[in-house]
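J.: One-letter residues, chain by chain:
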Amino acid sequence: MSAREEVLSRIRKATTDVKTVDPALDVPVHWTYGRALATTDVLGDFVEKVEDYKARVVRVASDGVGDAIVDALRELGATSTVLPDGIPDGWAESLSAAGVEIHRDEPQLTHAQLNVIDAVVTTAAVGMADSGTIALDHGPGQGRRALSLLPDRHVCVVRSDQVVSDVPEGIARLAPALRARHPVTWLSGGSATSDIELSRVEGVHGPRHLWVILVD
Amino acid sequence: MTTTQERLTPQPPSWLGIPPFPEAVKEELAKAEQRKNLRHATGTIRTKRLLRAAEVDNWEELRTAAAEIKDRVGRHLDTYLVQAEKAMTEAGVTVHWARDGAEANRIVAEIAKAKGVDEVVKIKSMVTQEIDLNEALEQEGIAAWETDLAELIVQLGHDLPSHILVPAIHRNRSEVREIFTTEMGTYGTPAPEGISDDPGELTNAARAHLREKFLRSKMAVSGGNFIVAETGTLVIVESEGNGRMCLTLPETLVSVVGIEKILPTIEDLEVFLKLLPRSSTAERMNPYTSLWTGVTPGDGPQDLHVVLLDNGRSNVLADPVGRAALRCIRCSACLNVCPVYERVGGHAYGSMYPGPIGAILGPQLRGLEEERDRALPFASTLCGACNEVCPVRIPFTDILVHLRNKVVDYKTSKHPTIEQGLMKGAAWVMKDGTHLSSAQTATRTAGRIFKDKWLGPMPIPLAERWLQARDVEPPPTETFRQWWKKNREGENR
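Chains L and S, in that order, give the protein sequences. Numbering of the first sequence is given in the numbering used here, commencing with residue 1250 and proceeding in unit increments. Numbering of the second sequence is given in the numbering used here, commencing with residue 284 and proceeding in unit increments.
With the rest of the complex left out, here is chain S:
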């Protein structure tokens, strides 16, 4: 392929262009419209989720069961994967394994080429975002069309997703209208002339735009919410029916699924199909759930493939504290409840997994080699709201603290830092009363020098930036110990 060849699908920006979290937030926080959109959206869904969870008497019991089932799967993943592979193969599915994203992308592209297709329709899938499948297919001359409404808004908007469930949550209706009127016509059926910003009208435009693609596409690519190991059943949970279209109409279906998505038995579905919709869209049940077990002659795709993807998941599994992150069922309740996410939005996290789950999953999947991943465990106030809403009881704050520790270890293993020196000094001071008194002699002296003068900006390493925005009282000329000696010692109380 030559560099001058025209693109088939809208060019997205790259995650790599986003600076580490502490830098990125500055820009994101300045986007007033985005903050307004996010406050409205997360507020609405938080209230609804509470209502739907409260309707279920044994909600807490369900959460415990879900956590236990997922832990069971994680701790015995090799057994369940082999079982699932066998069941799927017997049902007529071709099972592929992929060590990483590049390998999975290659497998999907090869299937497409073998089928002679130059376009695929896609069901919204986090895992194909994770491996950047669309761009890999574009490079191979295959157009990947997103069919979920929010993903369509993101794709046509040359944008990046900012939420696990509602990737275009940062966009309001008039922005969507603008994107549809300018972009739809370039890639298929255009938006109707004079379309308003009414969500119903916009949705109808998407229906017409995509119907054409559904009816002509020969191949679809999906993710998967669950694979039942016992039967090899795949489950996809969705709202719009674009999923059913992709799972039913094309001749070939490739599902790329993370290895942690296994459930042991059919019966386990009852736990997750109660928890997931109420936690994600805050509905009693999502409009459509599709379950299929291999090829059904005369019904749906006759050529089924499943790509079981590792891409860092086995690294997550290797950490007994961090592995609880693999319980995640991508509901996004932790995003909606997070005070940090609500204000900065999804893009600042620098990956398709934003919010609390992104802060614990991203650095574990990708490792700590890059600065953006080392910054993520700190993108939290540790308020713990995510712990409370998580339907699979992921202990977010425990994992965040654990990862902060790992980040510090990583940094100090490279070179000792000023903080480390200060902490060492503080440890020496605190270790012994006599050490403390000698340190206090120094602070008293400083106090006498400054007298009543407040401390402003000063060129002291580390403290310098802190003092830029704050004034501090001078150190006291008398320590508490001296005061006690003078005023209290010897009193019989």
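Same shape as in the complex, but just chain L:
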């Protein structure tokens, strides 16, 4: 018998007490999926929770994004950045005008090349206010996963209409991308560890600085 057949037959033997075939009828789940929280100021909650992770958040109007990215990179001490496909041309122009060295992932940059680029600028898919979480579905403007991982500073542009109150709404918005087999990455602040005496240290392997630009 193959391992597969043996494991499945062990499981079937172990669950002979289960008589109802339909899992949903056998064990009903008392939960309503996709509910929003009653948060009155969702954007305010989002900003507060993201800042709680020691990430920086700035709020700008839609015509101020390019300048806000330039400011962010300057303050983070970054002189080079990678820009994924799908980043608006206007933002790239602001960066070039400010003298930031721009790298494109075409042809694909090697890991070693990405490792020495100071920053990455991406858009996002969803923001979840209650937990201060940003989800990337690595669609246009977000790039493949290595782009938002190896550079040490991540500037992430989130539109206010992408921000929902809580995780259940966030999952509902991400479900189509997940069902289309897109990889999805959730970021809640920069990388961190509490492995030494449970004292939190910001910045381990992922980008050590997360800078969020929330576009009203």
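Take these hints with a grain of salt, some might be off.
With a straight-line Cα cutoff of 25 Å, these simulated DSS-like cross-link-like pairs (lysine-lysine) come out [claimed, not checked]: (1) K1303/L x K331/S; (2) K689/S x K1262/L; (3) K1262/L x K331/S.
FYI, nobody ran anything at the bench for these hints, they're computed from the structure. These figures come from a predicted structure and were not determined experimentally.
Go by the hints and put chain S onto chain L.
T.: Coordinates of chain S only, in the frame set by chain L:
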């Protein structure tokens, strides 16, 4: 491989060297520094967890939903596994099945050999601890590098993990500094000259040490927090970004996942991604969560493998009382709240699953053949704090009592014990008033012999050890029944 060949990774001690719990605690309790570290760490995280759970209005409702979803999965595991296998295969994942740890280890080693790699980077994973994958790979000439900070501390420290979430919880900062300065250089980028014991500096040393390994490794090994059956999506929840490194940079990724880790649908994630971080690190959300569904061309590993591991889980499932232990999502809230764990630490439990979850899961996964596993259900005061914090509502104390019963059955099926004889005697005495009076005649006689003398150490089987530390009053010369007859009977009250 010859025995003289040098090791590739630091040699860890063996769990098998640890005696059964009642013996092991004696040594562990004597470690003052460890007790101090544990008291500090568990106290901090307990307070934080309470705060984070209280922020969620429908916390109790979430816990119920999580328990129900996990029960649904367990009771229909064959259906969901077949569904998950199909979805993963369609998404380009090679799915393997393993009856036990040895089989899973063999599968991982074969993939590594087929790829021609002599080292792998690892994401912290309980299941690969359970099957002792690192040592199995070492035997095959493949170095397995732990990349989680705490796992790195444990690995470089030639140590064993003592906590599910923070395996080096028993170590303080100066111990970590010592380990890093003496060991890092042997296995890669050394710790900087003159490094202090500041956690930030130590973390930076780990970053530099591991970055080199991330960038050159061709293969990674992970566990998995969840597999969504509907889509074949794997989910890994982490903090440091070492997980993202391993899941993104190498060409090959092998994920070893216990068969109980399935969730039915994408939507079910909303329940668990709210519960898990608040219960484990006591954060609103862990810094990074990665979800991937098969191979994405041009992005991340192009060769994905998943090993679905039984290794005793189907035995746990076969026990209708004990199977609730399979709901566990490895958050470690039960460890942090346990008064026994806080004092003795993780090593005394003799396995990578310590604390209350270890006491109910270990003996069920491994069986009761070994003394250490028979001792574990008794490594608890049954205070029930674990029941209250568990995000999937595992009824720990019910399972502990159930397993104690099984242990007693196991022992007495081999040979009757003195306890059994005593219990039988006690049952006879209690069954009937006349039996009780005759027994009391004996105790009254004993009372008259001892008069007012307290009882000290005496060579009576069983009682002997108890009396070593205690003095007992002599049995009374008058029983309650006699006293009642004399003083109360006939009164109209």
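J.: So, for every hint listed, does it hold in this structure?
T.: Do the hints match the structure? See the list:
no.: 1; hint: K1303/L x K331/S; verdict: 17 Å, holds
no.: 2; hint: K689/S x K1262/L; verdict: 20 Å, holds
no.: 3; hint: K1262/L x K331/S; verdict: 42 Å, violated
Hint 3 from the list above is the single one not met by this structure.
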